[in-house]
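Peer 1: Spelled out, the chains give:
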Amino acid sequence: MSSTISRHDSNKTGALPYRTKAIYSFVLLVFLACFGTPLLAKVKDVGPLDLAPLQSTLTSAQAKHLVSRAGFGATQQEIASLVGKTPQQALQQFTAGGDNVPAPAFEHSGIFEPGLDPFPPSRPATTELAKRQGHALGIDVKPDGNRPLQPIVNQFFYWLRASRLETDRVSYWWANRMLTTQQPLREKAALFWHGHFATNEDKVRDYRKMVLQVETFQRLGLANFRDLLIAIAQDPAMLVFLDAGVNTKDAPNENFAREIMELFTMGVGEYGEEDVREAARAFTGWSVRGLEFYVDSDTHDAGEKSFLGERGDFDGIEIIDRILARPQTSRFIATKLYRYFVRDELVPAAEAQLGARLRAHNYDIGAYLQELLVSRDFYASAGEHIKSPVELVISTYKKMGLRQVPGVPDFNVVTGALGQRLLHPPTVAGWSQGRSWITPSLLFERGNFVLDVVSPDLNFVPPDRFPAYTPEVARVQERLRSGLAVSQATKPTGMMGGDMAQANALADRDEAFNTRLGSMRGWQMAIERVRPIPRDFAPMALAKEVQAQALTTPMEVVLYLERRFFEVPLQPRDREEMAAFLAEALGTTDVAAAQSYAEEPLRRLLHAMLSRPEYQLG
Amino acid sequence: MMGSTSMALLGPRVWAAPAVHSEKPPILVVLELSGGNDGLNTVVPHGDDNYYRLRPTLGIRPEKLLALDEHFGFNPGLQGIQKLWQDNNLALVHGCGYDDPTFSHFNAMAYWHTGAPHQGNEYGWLGRVADQMVGQRREDMLINIGSSQSLAVKSAVHTPVVFDDPMRFQRKGPASAFTPPAAPTLVTSNRDFLLAIDASAKASSARIRDAWSSYQARADYGVVPMDLPKVAACINAGLPTQLYHVAVRNNAFDTHVQQAALHRRLLSYVSDAVYAFVQDLKAMGEDQRVVIMLHSEFGRRPKENANLGTDHGSANLMLVAGTPIQGGHYGKTPSLEGLGEGDNLSHTTDFRRVYGTLVSDWLGVPAATVLGGDHRSLGFIA
Chain A
1 MSSTISRHDS NKTGALPYRT KAIYSFVLLV FLACFGTPLL AKVKDVGPLD LAPLQSTLTS
61 AQAKHLVSRA GFGATQQEIA SLVGKTPQQA LQQFTAGGDN VPAPAFEHSG IFEPGLDPFP
121 PSRPATTELA KRQGHALGID VKPDGNRPLQ PIVNQFFYWL RASRLETDRV SYWWANRMLT
181 TQQPLREKAA LFWHGHFATN EDKVRDYRKM VLQVETFQRL GLANFRDLLI AIAQDPAMLV
241 FLDAGVNTKD APNENFAREI MELFTMGVGE YGEEDVREAA RAFTGWSVRG LEFYVDSDTH
301 DAGEKSFLGE RGDFDGIEII DRILARPQTS RFIATKLYRY FVRDELVPAA EAQLGARLRA
361 HNYDIGAYLQ ELLVSRDFYA SAGEHIKSPV ELVISTYKKM GLRQVPGVPD FNVVTGALGQ
421 RLLHPPTVAG WSQGRSWITP SLLFERGNFV LDVVSPDLNF VPPDRFPAYT PEVARVQERL
481 RSGLAVSQAT KPTGMMGGDM AQANALADRD EAFNTRLGSM RGWQMAIERV RPIPRDFAPM
541 ALAKEVQAQA LTTPMEVVLY LERRFFEVPL QPRDREEMAA FLAEALGTTD VAAAQSYAEE
601 PLRRLLHAML SRPEYQLG
Chain B
1 MMGSTSMALL GPRVWAAPAV HSEKPPILVV LELSGGNDGL NTVVPHGDDN YYRLRPTLGI
61 RPEKLLALDE HFGFNPGLQG IQKLWQDNNL ALVHGCGYDD PTFSHFNAMA YWHTGAPHQG
121 NEYGWLGRVA DQMVGQRRED MLINIGSSQS LAVKSAVHTP VVFDDPMRFQ RKGPASAFTP
181 PAAPTLVTSN RDFLLAIDAS AKASSARIRD AWSSYQARAD YGVVPMDLPK VAACINAGLP
241 TQLYHVAVRN NAFDTHVQQA ALHRRLLSYV SDAVYAFVQD LKAMGEDQRV VIMLHSEFGR
301 RPKENANLGT DHGSANLMLV AGTPIQGGHY GKTPSLEGLG EGDNLSHTTD FRRVYGTLVS
361 DWLGVPAATV LGGDHRSLGF IA
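Residue numbers (my numbering), protein chains in the order written: chain A, 1 to 618; chain B, 1 to 382.
The hints are simulated quantities; they were obtained by calculation from the structure and are not laboratory data.
Given the structure is predicted, the values throughout are model-derived calculations rather than measurements.
Wrong hints could be hidden among the right ones.
Here are the simulated distance ranges between beta carbons [what the hints assert, rightly or not]: (1) Asp321/A to Asp69/B: 47 to 55 Å; (2) Glu215/A to Asp99/B: 42 to 50 Å; (3) Ala182/B to Arg563/A: 21 to 29 Å; (4) Asp144/A to Glu70/B: 43 to 51 Å; (5) Glu128/A to Glu70/B: 28 to 36 Å; (6) Gly238/B to Gly138/A: 55 to 63 Å; (7) Arg465/A to Glu337/B: 57 to 65 Å; (8) Ala182/B to Asn362/A: 46 to 54 Å; (9) Asp343/B to Glu304/A: 20 to 28 Å; (10) Asp49/B to Arg435/A: 48 to 56 Å; (11) Asp100/B to Val347/A: 21 to 29 Å; (12) His118/B to Val83/A: 46 to 54 Å.
By construction, the Cβ of each residue, glycine as well, lies at the ideal position given by its N, Cα and C atoms.
Excised from the complex, chain B in its bound form (with noise of 0.2 Å):
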């Protein structure tokens, strides 16, 4: 492989001590970016002759790629996530994935959502966390902005906050005189689900509607700010929720067709609102404690298809941002050379060792008592 991007696995790190601090606890926002990013055009590998080979008319020129090193360049789209890179707050892990990938979006997701491949875990691994932290059913553990809830904040003990428009999360009208029903002990009918949800919403709606009114963004998100202006409401507000996880909507990372022009937008979309979200963090002085971390359910194939795009494929890049996080390359990047079955690349890192620096290092929750598999530090925080 090419020495020049040594990667900084820097062997495993002694046991931190964990970033939780009563009075400012540490903030983890998950971004996911659905539909299948292609890593290999997020990051590019310029340096590797196989990159050209495979992607003759979609790989990116030296000369179009924004600097990274001499090895690897950005997307031309990614300004605002390579600034963060010069600032050393960004962390790139290289060919996450896991034994015998699925290519299916849906079965995909749910791994990761879960972080239990090929298992069928009833609970997602933010809401597992959760769990972990408070074992006390408590509003507010966990902070999901979509117009469906994620199955990665499905929690044992917690309802998680699921709202779209901050502004709509409101009960209008008289209704609200009624005496709310009693939250039921034990869920198991729609019945009771319904009961619980609607005494859940009643309690959170009000903070976050507050949230949302007292805030004003201090930088500019973008075209697609990636709900991202919602989070930092809500952090601005002081809300004690330290698991948020908002997505990328309708799978548009699913670039079959014409993939170049739309790939670059897509990610200008996110990189701005990454970028933003760090600065807007910083104006109000909470970026000491929020990490931002962005990843797929698959990356895709490294050979590019006949339509100007690229099919589903396995192992892939995930990105980790902000303040408290030690920039630099984790983990070490899959061959282009020797492709793995089906023409992918081998995944070299098993993508619950980004939960578990995560889980373990920032959150201060042990990773075991979370994950299985290959969970351990990659020592991202700094």
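Bound-form chain A, shown alone (with noise of 0.2 Å):
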């Protein structure tokens, strides 16, 4: 007997509808203007960060900052129509604005069918299934003939390379939000999430598990800490990036009771290894059959658990509560908050400042933040942060005014070259954040980004029409179109001679069915049914900017797309050696005279300004 309950009572907080949402953060937001800056002067005595709110009303410097770190930057004219607001009225305006239209959700090219889910662990696990109940993913075992579980092991690659594409439209959806949302904060919150509760598609295997997840970034992104935090304990991409799925009370799996410790909530060395046993424990039973979770009562263990120092019959609620009840908690999640939206560097006095913030404002993350994005200290750390690749590509088709992320270059190939792929962070730790963007290497990504932008590659191959991962199968495809029988045609290319690596040379060897073959025959079943991505480049009008601007001097048009994108000032010396470098793609220095033919010099300009090292701070 299994009980199923439904994904708890985080689902009513989610279902507040935004209206109320917006009503609670104006309210918020009148009594911190009211009452706000007696209560907050006194935390300035209680650490060393300055966290009263700055009294001035906002210049244009002050607006930009704002909306570079509460959101992805913006246009020219969002930020006029911020200066000269209070802190409070610019944030509500920037991050709460809008009419209220709800986000476009996300549309599924319907690639899933059943028999998909539960997905086996591997592509053996699949055909010793298949071997022993005679169907497998849906597809029976062919009952004669060449190859019987052929079309099982092709299956298995159809999801595999499908769930994949889709994912990779599901960060174009995403993307696509962060680009033109009213109210950016919440989805820069929800990357911050995406980052802490880091969980990779390449594991999960299932696009829609993954959806799941990013809407409960935006729905609980600013919500309660105790809410996202059981939302995603029990969220089905979660359960299955953990093996939180196969946690039973005869096999307790530690996997996600040591990482909701560890990286979610208190960090190492608040906790001994008999506390992630007996979380591990209480945990137990905690399951997901499709899209839903349940608690599977013949696997949970109930019995006593010795927990923090605490005794009792815990379930895994009862551990989250234990675990919110530690200063540690707070200190955690409003440190880690503190870097992301204000400075990486921090002295540990202020981390002690920051948790006894988030503590009273009783774990309410939108309130916090709130706290934060107004204060003295926030205006403070202006062009301190290095911007991360999802931040710099969306905040710079912000500031070029684009209404939609390009086709060309590919948003997912280039924030992957930038170190920084949605849906597929590098570990359950999420991207470190701060320097670690930065090698030589990246650094050349970042400029080599904008010239993808300003000047498309002609040699651009769309990656979810070739099979880009594992392009192998095309060769495959051309040598069985050829005539060579599968045995042959699914040999490795080259290295014929020599020792041939074991992996590839084992490839192959069971008869049932051919592993290539099913690979690309995997691949053109996906490319088939996931919807294509709209391919479009960047449409630009420098040259009519400039005209509009009235701008007469190479000069001018450097400082003009200077205040237009940078944080962070560009030397006198490295200006004029940009002016110059106009003025002679130009053949003049009047800017005027040369209107119908700038296009390609201002672009080539961009693309020089933007490579620059300062453009990567925000």
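Using the hints, put the two chains back together into the complex; each one sits in its own frame.
Peer 2: As structure tokens, this is what we get:
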């Protein structure tokens, strides 16, 4: 007997309409505006950070700082509309603006089929299952004839490829929301939580679960941390990713219990190995069926546990509440949020101060962030932050005035090359922030990204229409078409002499099916059924914009682009060099006279400027 | 313990003349098996009944193993590694670990990266070796292939060359026409940091790209080459770099569930790549000066879990391969009988002895200038 409970009461919180949330935020803002100053003045005395609200109205530079941190940048016009507002008014206008039209939901291609869930952990596990029961993944074993398991292997690869390609569409959907949302803080926080509760589709192998998780981050990313934590502990993608689905009372699996304490709440050193084991017992039976969380009472260990110095027959929620009661948890979360939104470096005393603030807000993430984002400390941190790849890409598009993430260059390839491919974080610890975004090679990639936008690559091959990560199968297909038998056509290309690597030699041993053939068919089926990503280039009209600004000299153009794109000033020497570069490309220092052919030189200038190290800061 | 495998603990070696030659300096390549490789199912103690008792389903039967000796056998995925063993070019160092081990991937890896458990050092052990070798900032001292920089190569003096795809390691387009900024002498702000990286990138990228485009692999690196062909390309091009760092991506060895097929496959990728790397070096006549060390942040628990996988463990096997290696067993195998705390293996060899052997006997840098703890030589450099 197993009992099914619904996805906990976090669903109810999540079902709160945005309107309620907006009213709540508004009340809070009014409260802060009226009483915040005396209340927060005290805060100054208990820690090194000056968290009192900024008293003056915003300058243009301050407005630029706000939009860069609380969102993904803004156009000149949006920034101008924030100048002269109080920090509270500006934050309210920028983050809770718009007419509350719900952001568009993800449009599914319709690739899922019954029988694909639960998806076996590997190709060998799939074929073993098929041999045992005569079918797998919703496909029957052929009763007779050559390669009786081939259709099942095809289906296995179909879903691997299709789920991955569809996940790339999910990233595009999310990126477009970041670019166009009227509530950028919500998306910025969702991106934070994606890095915090990092889950990778490579292991989850089901884009549907990834969509659900992103939606949870969008819905609860500014809500109460307890609701978010419980929702994630019961999130299908997370349950699969950390093997929680196979955590049973006879075989407690520690993966989830360890990471929830180490990475999601407290950090190492705050608990012992015994606590990990006992917490794993409390989470036993937490499982997922399709897209639904449930507790399997047969495999849940209801016995007494000893956790963080307390004894009781705790279940998972009670473990979570004991974790939340620890001051270290508020400290850990508050500090990580601060590092993401404000600055990387902070002294230990500041950690205690921030933890106390999050506790004072009863773990209300939105309220805590509001306090940070109007503070003097926040406004003193301008230009210190190294932009993450996703911030860099989205904010560049935003500042260019784009309304849609271009299809060329491919958003996923670009952010992947820069080190932050959405829905594919490197490990459960997410992405390291700050200086670890930058290596010599990655700094070049950042400039190359801008080049690919201002001058799209004519050799571009859409990675969703080509077997991009196993190009070998395209050669297999070629050889099959040339008339070679399957066994010949699927041999690896090249390296026919000498020692063949073991993995290559072994790949096709089983005559019941051929893996490379399955991979090829899987690609065909996946590409056929996953909707293509639109491949528009970025529309740009720099010459017209420069004309509209009535700029006359190359230096004025450089200063204009600097104002529009940079949070950190360029060196005078660099400005002069760039102005000279533009003058040479235009063949004149009279910018207006060169208007008819200025587009290409201006794009080259923009590429050069945005390749500067300073552009990586915000 | 099983006497048959009497460990080749040769005792303190006479301080060998370090293998430093001014023209062809020795090279160390570190390959990190991230996620926690299951050492017990890598080199399997089939002569120990306790192994099969602890691993009733995951234990690999003797007849499935690749021959090693009367006590141990190789995982069937390790054909290439087995050949290195047969060529006497593989050191198996047993029971590597440190006191009071952590079971966190990230802390454990940081301990291995710094060679300083429980200390929080700012610089990596390879970075410190580089600082000892050359005290003045120099390009190409450390090459780290990967999508982000490893703590292992973080240096007080040098900026490591970090790249993933050599052909993408270039600034495209006309921006290169601009004067590169001068590298700041002192890096404090993030802006200084970016300017320093920019200067270093300009200096190293062309060399790496040239190395890659003039290189042709002369061995089959298999399905996942572990970035070793890129290392081979740099060596082939005669770069002066002596320290390389590569890693298996995505914590792949974290095999909590359904481990057997996956682990064998991962090992075959590693084994194919390492064996091919050595063959490739032989073909280019450089194998005499290259040693490759393999490690994880921890081993896995001896007792299998009920999901046909294994959980985070402690002491583990390390492998050191290459023509300069005196093959054999080093270190004492940890007992499977009386397991240590939390049913884990108690370490028998401080992992810094492996580092120390490489630092002093191979690279010719006094180990004490780089490492704390027990870093006495194990003597596996032939």
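Peer 1: It remains to establish, for every hint, whether it holds in the given structure.
Peer 2: Hints, verified against the model:
no.	hint	result
1	Asp321/A to Asp69/B: 47 to 55 Å	holds (54 Å)
2	Glu215/A to Asp99/B: 42 to 50 Å	holds (46 Å)
3	Ala182/B to Arg563/A: 21 to 29 Å	holds (26 Å)
4	Asp144/A to Glu70/B: 43 to 51 Å	holds (47 Å)
5	Glu128/A to Glu70/B: 28 to 36 Å	holds (32 Å)
6	Gly238/B to Gly138/A: 55 to 63 Å	holds (56 Å)
7	Arg465/A to Glu337/B: 57 to 65 Å	holds (58 Å)
8	Ala182/B to Asn362/A: 46 to 54 Å	holds (51 Å)
9	Asp343/B to Glu304/A: 20 to 28 Å	holds (21 Å)
10	Asp49/B to Arg435/A: 48 to 56 Å	holds (51 Å)
11	Asp100/B to Val347/A: 21 to 29 Å	holds (28 Å)
12	His118/B to Val83/A: 46 to 54 Å	holds (51 Å)
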